[in-house]
Amino acid sequence: MAAKKRKFSEDYVKFGFTFIEKDELQLPQCVIRVKVFCNDSMRPNRLERHLKQQHPTLVLKTKEFFSSKAESLNRMRLDKLGSYHTVYVRYVGGDIIQEEILYSQSLTARTTSEDIFNSISNFVEKNDLDWKKLIGLCTDGAPAMIGVRWGLAKKLKEKNPAMVSTHCGFQNVATEITPDFGLGYKDCKQHQEQRFEQSVIYFTLRGSRF
59 MAAKKRKFSE
69 DYVKFGFTFI
79 EKDELQLPQC
89 VIRVKVFCND
99 SMRPNRLERH
109 LKQQHPTLVL
119 KTKEFFSSKA
129 ESLNRMRLDK
139 LGSYHTVYVR
149 YVGGDIIQEE
159 ILYSQSLTAR
169 TTSEDIFNSI
179 SNFVEKNDLD
189 WKKLIGLCTD
199 GAPAMIGVRW
209 GLAKKLKEKN
219 PAMVSTHCGF
229 QNVATEITPD
239 FGLGYKDCKQ
249 HQEQRFEQSV
259 IYFTLRGSRF
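At the far end of the sequence shown sits residue 268, using my numbering, and the numbering has no gaps.
Warning: the hint list may mix true and false statements.
Unchecked claim - Here are the simulated BS3-like cross-link-like pairs (lysine-lysine), alpha carbons at most 25 Å apart as the crow flies: (1) LYS63 x LYS119; (2) LYS190 x LYS119; (3) LYS72 x LYS119; (4) LYS119 x LYS93.
Claimed, not checked - Cβ pair distances, simulated, as ranges: (5) ASP173 x GLU106: 25 to 35 Å; (6) SER99 x GLU129: 13 to 23 Å; (7) ASN185 x GLN84: 17 to 27 Å; (8) LYS80 x PRO219: 24 to 34 Å; (9) LYS121 x LYS217: 33 to 43 Å; (10) LEU83 x SER179: 18 to 28 Å.
Everything labelled a hint here was simulated from the structure, so no lab data went into it. This one's a predicted model, so the numbers in the text were calculated from it and none came from an experiment. For glycine and all other residues, C-beta sits at the position ideal for the given N, C-alpha and C.
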């Protein structure tokens, strides 16, 4: 007997979930971590458990709070020809580190370091954020990202020299650790793509403003 195809309910938003469609299935997606789960996880008790266990400081947030996060995710979903970057903010909530989407912007024309920097800079200036609170940048290995002279990392370091820039070496790490966990590289890569398929850059901010 074929497995039941579970459908998303708008009521699930209160648990911090939206959904994506893949192979004619609706898959629940956490609006905080952007993680995608299997269709069978589309159950109120499982979604609520995820919220309580993974995001305990957000349990009392309103449905409207999660709806705004879901809308941010929807704006991130571009067609295959499009590109965009996403900025995340990390902060200490209670006794655990929380992570949320701060900003997402499409780059439909070009994705040069200057284009990306200008997009980020406009957001920072418009919202009166402090560049000194920029503490880290993690990117892929493209020259536009890590170029010593013209890359995005260089431009951001000019705003805050204390910023730490790192290169996402997921492929190398996955190759080394997957055998130890009984996973195939393909499985681990699929999880990575679900987490970062919509992200080109990632950096964190600190301070009471967040």
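Next item on the list: Could you tell me which of the numbered hints above are not met by this structure, giving the numbers in increasing order?
Entry: Hints 1, 2, 5, 7, 8 and 10 not satisfied by this model.
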